[in-house]
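Quick note, the sequences are listed as chains A and B, same order.
Just so you know, we're using my numbering here: the first sequence kicks off at 1 and counts up by one.
Just so you know, we're using my numbering here: the second sequence kicks off at 1 and counts up by one.
It is possible that some hints are incorrect.
Said to hold, decoys possible - Which bits of chain A does chain B cover? Going by a derived footprint, with three or more residues having C-beta under 8 angstroms, they are:
| hint | segment |
| --- | --- |
| 1 | 109 to 119 |
| 2 | 207 to 213 |
Stated by the list, open to error - Distance condition first, Cα-Cα at most 20 angstroms in a straight line; then the derived SDA-like pairs of lysine to any residue:
| hint | chain 1 | residue 1 | chain 2 | residue 2 |
| --- | --- | --- | --- | --- |
| 3 | B | K196 | A | Q148 |
| 4 | B | K526 | A | K130 |
| 5 | B | K526 | A | R150 |
| 6 | B | K27 | B | S54 |
| 7 | B | K526 | A | I227 |
| 8 | B | K526 | A | G149 |
| 9 | B | K277 | B | K309 |
| 10 | B | K332 | B | R354 |
| 11 | A | K130 | A | E249 |
| 12 | B | K306 | B | E236 |
| 13 | B | K526 | A | S193 |
| 14 | B | K27 | B | E236 |
| 15 | B | K68 | A | S193 |
| 16 | B | K196 | A | G149 |
| 17 | B | K306 | B | K338 |
| 18 | B | K448 | B | R408 |
| 19 | B | K526 | A | A224 |
| 20 | B | K151 | A | Q148 |
| 21 | B | K196 | A | R150 |
| 22 | B | K151 | A | G149 |
| 23 | B | K526 | A | N204 |
Said to hold, decoys possible - Now the in silico label distances, taken between C-beta atoms and shown as ranges:
| hint | chain 1 | residue 1 | chain 2 | residue 2 | range |
| --- | --- | --- | --- | --- | --- |
| 24 | A | P66 | B | G491 | 40 to 50 angstroms |
| 25 | B | S156 | A | I227 | 27 to 37 angstroms |
| 26 | B | L47 | A | D216 | 26 to 36 angstroms |
| 27 | B | N238 | A | T30 | 50 to 60 angstroms |
| 28 | B | P66 | A | E102 | 30 to 40 angstroms |
| 29 | A | R178 | B | D300 | 57 to 67 angstroms |
| 30 | A | P32 | B | T273 | 55 to 65 angstroms |
No lab work stands behind these hints, which were simulated from the structure alone.
For glycine and all other residues, C-beta sits at the position ideal for the given N, C-alpha and C.
These are the residues of each chain, in order.
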Amino acid sequence: MRTGFPLLIVLLLPLLSPAQPGGARRAGKTNPLGLTEAVIAEGRQLYNRSCTMCHGLDGELGDRAPALKGTRRFRRSSDEDLFDAVKHGIQGTLMPASPLPENDVWKIVAYIRSMRASAFDAPLEGDPEKGRAVFWETAGCGGCHMIQGRGGLLGPDLSNAGGERTTLSLREALTKPRPHIPPGYRPANVVTSAGETVEGMIKNEHNFSLQMLSRDGRLRLFTAEEIRRIDYGERSLMPTDWEQRLTPEQFRNLLAFLSRQAAARIREQGMAEEDLGR
Amino acid sequence: MMRRSVLAAIAWAALAPAQVSYEQIRKADPRNWLTYLGPYHGQRHSLLTQIDRSNVHRLTPQWIYPIKDANRLESVPIVVDGVMYVSQPNEVYALDARTGRLIWEYQRTPALRRGPNRGVAVYGHKVYMGTPDAQLIALDARTGSLIWEAKLAEASEGYWSPAAPLAINGKIIAGIAPGDHGLNGFLDAYDAETGKRLWRWNAIPGPGEPGHETWAGDSWKTGGGDTWLTGTYDPELNTLYWGIGNPAPDFDGDVRKGDNLYTECMVALDADTGKMKWFFQFTPHDVHDWDAVEIPVLVDLPYQGKMRKLLLHADRNGFYYVLDRVTGEFLKGVPFVKLLNWASGLTEKGRPIRVPGVEPTLRGNKVCPATAGATNWMSPAYNPDTNLFYVVAQEGCGISFKGRDTFRPGGFPFMATGYIEDPEEPWQMHVRALDPLTGELKWNYLQKGSKRYGAGLLSTAGGLLFAGDDQGFLTALDAATGRPLWHFNLGMRISASPMSYSFQGRQYIAITAGSNVVAFALFEDKK
Numbered sequence: 001m002r003t004g005f006p007l008l009i010v011l012l013l014p015l016l017s018p019a020q021p022g023g024a025r026r027a028g029k030t031n032p033l034g035l036t037e038a039v040i041a042e043g044r045q046l047y048n049r050s051c052t053m054c055h056g057l058d059g060e061l062g063d064r065a066p067a068l069k070g071t072r073r074f075r076r077s078s079d080e081d082l083f084d085a086v087k088h089g090i091q092g093t094l095m096p097a098s099p100l101p102e103n104d105v106w107k108i109v110a111y112i113r114s115m116r117a118s119a120f121d122a123p124l125e126g127d128p129e130k131g132r133a134v135f136w137e138t139a140g141c142g143g144c145h146m147i148q149g150r151g152g153l154l155g156p157d158l159s160n161a162g163g164e165r166t167t168l169s170l171r172e173a174l175t176k177p178r179p180h181i182p183p184g185y186r187p188a189n190v191v192t193s194a195g196e197t198v199e200g201m202i203k204n205e206h207n208f209s210l211q212m213l214s215r216d217g218r219l220r221l222f223t224a225e226e227i228r229r230i231d232y233g234e235r236s237l238m239p240t241d242w243e244q245r246l247t248p249e250q251f252r253n254l255l256a257f258l259s260r261q262a263a264a265r266i267r268e269q270g271m272a273e274e275d276l277g278r
Numbered sequence: 001m002m003r004r005s006v007l008a009a010i011a012w013a014a015l016a017p018a019q020v021s022y023e024q025i026r027k028a029d030p031r032n033w034l035t036y037l038g039p040y041h042g043q044r045h046s047l048l049t050q051i052d053r054s055n056v057h058r059l060t061p062q063w064i065y066p067i068k069d070a071n072r073l074e075s076v077p078i079v080v081d082g083v084m085y086v087s088q089p090n091e092v093y094a095l096d097a098r099t100g101r102l103i104w105e106y107q108r109t110p111a112l113r114r115g116p117n118r119g120v121a122v123y124g125h126k127v128y129m130g131t132p133d134a135q136l137i138a139l140d141a142r143t144g145s146l147i148w149e150a151k152l153a154e155a156s157e158g159y160w161s162p163a164a165p166l167a168i169n170g171k172i173i174a175g176i177a178p179g180d181h182g183l184n185g186f187l188d189a190y191d192a193e194t195g196k197r198l199w200r201w202n203a204i205p206g207p208g209e210p211g212h213e214t215w216a217g218d219s220w221k222t223g224g225g226d227t228w229l230t231g232t233y234d235p236e237l238n239t240l241y242w243g244i245g246n247p248a249p250d251f252d253g254d255v256r257k258g259d260n261l262y263t264e265c266m267v268a269l270d271a272d273t274g275k276m277k278w279f280f281q282f283t284p285h286d287v288h289d290w291d292a293v294e295i296p297v298l299v300d301l302p303y304q305g306k307m308r309k310l311l312l313h314a315d316r317n318g319f320y321y322v323l324d325r326v327t328g329e330f331l332k333g334v335p336f337v338k339l340l341n342w343a344s345g346l347t348e349k350g351r352p353i354r355v356p357g358v359e360p361t362l363r364g365n366k367v368c369p370a371t372a373g374a375t376n377w378m379s380p381a382y383n384p385d386t387n388l389f390y391v392v393a394q395e396g397c398g399i400s401f402k403g404r405d406t407f408r409p410g411g412f413p414f415m416a417t418g419y420i421e422d423p424e425e426p427w428q429m430h431v432r433a434l435d436p437l438t439g440e441l442k443w444n445y446l447q448k449g450s451k452r453y454g455a456g457l458l459s460t461a462g463g464l465l466f467a468g469d470d471q472g473f474l475t476a477l478d479a480a481t482g483r484p485l486w487h488f489n490l491g492m493r494i495s496a497s498p499m500s501y502s503f504q505g506r507q508y509i510a511i512t513a514g515s516n517v518v519a520f521a522l523f524e525d526k527k
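Between the sequences and the hints, there should be enough to build the whole structure, so can you do that?
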């Protein structure tokens, strides 16, 4: 287990981060161990050893207690709330106080948070700057994906990838073929009733019409009557063998780079209409 | 089955020519609607003729696109080759203009919701929008990806940007609000490609600048004068025409004695430099909050035997003006509402002859038109076939109050109280057709039961004038007579202006109302 250097990273990360998606959090005690890959990995071991009698394995639904992962709103979401619940139990429920040392409780808290956190909030080890070069040069991700106004049109814009996706989902996007092509990114050839073949990405489709971003970068619109045939691509254009194509270091750096992409720059001001007196 | 390598895919979408060029906007193919006002001249006269007086009764809704959380859309859709771009604060939607199906959506976070949003601009491959946090943003027109942001002003100071930007040759022109908070206005030009600011014209002249002397003491520092509605552009003269908002504090003129330039003005700016060519002030030293932002309509007409480049403007103060847009010379000004008590007329130079005592007081004073104005943000229109200028008019008075206000930084109203509807002269909405040169009333269409502002106007070469009201009725009037020929109850308040486009040979009329975007076309009898 690697436990040596993460603390330093934890201390540095807030300084490096260009933005803090999620806005102002409830003030309270935060996890002194931070959210590093190593702490999370230890927390996961502790969780699966100590909590799964009631909660399910890896945050899934258990026999006696709720699933702790997911995207729903949790009543206890701050580090301090989670720590209190684990350390002292929850009165009036089956949730017992944990006999684990505080340090281990914090590791469990880190793991629970990581199941819910965006990649940005649970940053990865790896060099985001080197990952930037992997993204734009080695792997050529920018041919299809846009970040901060630069890049291609075919794939999803990744300017906020770290802010809106978990580390797991970023990793899986690079490594696991998806069972379904996400809406808006299905490649197809449309053969029109006039005989033209338009190659592109289906942005929206219904029985009566189809909207497409064509290969030459135009939005093309068809009604059902104007379409003779649609040849659907069976797979997403997104390659999923990046773990093989890249060295482990490149892969790690790419993930680290993606996890830093959080576009909602003004969120850090935590500004709301009420704050402005209206 | 299609197979395609990733590398080939990477080459995709690199070939597309610029989607919207300056020449295209200038040429204004009537199938597209490329700016907030359509063609640069702001006539809002569509040259499409498929829908006309003889068949408008067959106009039928084709699709409805509901925008979540919207309640009073003011956005005028833009249409480029069958793709519609429509907005509300912080959000842009790209729709298939024939079917109302979503192509992409952009949502800005956090979603500060202030003021309305009146629409977007398009240029090249980008869509531009002003935001409630006072940024001008550029999106990729094909995907909705954010390309750049340019800061118009500090949102924390209270600024926001509700007007649709205007795209001209390589530049995006953007304005700001609100003057009512004592925040000084300006008009900006940004490089369409990079978002770099090219020039700024300040609406309130600072020390040493001409016009500064029209502000007593330090009152210029919180003078207001914003640019919350889109202006027009004359490509030949390379001149922008923009109406400037009210001075602040709105109802208390005592603390800002003087004419308060360039509030309540029409200004002509050199589009390359932002330098002012001329100005004309409709309401010097305004104390009624009569922003002069109403759309300047550019027409070329014979005036006293000579072709003149004219600017037509129906002002919120109740007067209709004809100016020479080359020189700014005042040519004509007459009331276009009956209820007007604050001025007995205009001088030869176009300056109002004030009726003494008609101004806000501590206990309230009757002022006609009311602060809501004789007209407002709803677009006027001009039809070259009928040679009529069309305007939405409100007859009514207000009771105006004066207080003493203190400017507070951070975006708080700096108005020194306000106004209410005069119970003795309740408001009534009309659509009016005026002779463009004399301002003479040619016909009047009373919007029964409508007290408040509804839709702006769209004129078409089919001899129609589309209007709408706050009760939700979109109505087609005979452009020559004002007779209603068709109507449809949209079921939601209309606060935007209708527009027209065509795709694959079919003409559409579209408008936003309440939370919906609705498109109409002639009923097609097919199986």
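Quick rundown of the hints versus the structure:
no.	hint	verdict
1	109 to 119	violated (count 0)
2	207 to 213	holds (count 4)
3	B:K196 / A:Q148	holds (16 angstroms)
4	B:K526 / A:K130	violated (61 angstroms)
5	B:K526 / A:R150	violated (46 angstroms)
6	B:K27 / B:S54	violated (28 angstroms)
7	B:K526 / A:I227	holds (18 angstroms)
8	B:K526 / A:G149	violated (45 angstroms)
9	B:K277 / B:K309	holds (15 angstroms)
10	B:K332 / B:R354	holds (17 angstroms)
11	A:K130 / A:E249	holds (9 angstroms)
12	B:K306 / B:E236	holds (19 angstroms)
13	B:K526 / A:S193	holds (18 angstroms)
14	B:K27 / B:E236	holds (12 angstroms)
15	B:K68 / A:S193	violated (35 angstroms)
16	B:K196 / A:G149	holds (15 angstroms)
17	B:K306 / B:K338	violated (31 angstroms)
18	B:K448 / B:R408	violated (42 angstroms)
19	B:K526 / A:A224	holds (14 angstroms)
20	B:K151 / A:Q148	holds (16 angstroms)
21	B:K196 / A:R150	holds (16 angstroms)
22	B:K151 / A:G149	holds (16 angstroms)
23	B:K526 / A:N204	violated (25 angstroms)
24	A:P66 / B:G491: 40 to 50 angstroms	holds (43 angstroms)
25	B:S156 / A:I227: 27 to 37 angstroms	violated (51 angstroms)
26	B:L47 / A:D216: 26 to 36 angstroms	holds (29 angstroms)
27	B:N238 / A:T30: 50 to 60 angstroms	holds (58 angstroms)
28	B:P66 / A:E102: 30 to 40 angstroms	violated (52 angstroms)
29	A:R178 / B:D300: 57 to 67 angstroms	holds (59 angstroms)
30	A:P32 / B:T273: 55 to 65 angstroms	holds (58 angstroms)
Comparing the model with each earlier hint shows violations of hints 1, 4, 5, 6, 8, 15, 17, 18, 23, 25 and 28; every other hint is respected.
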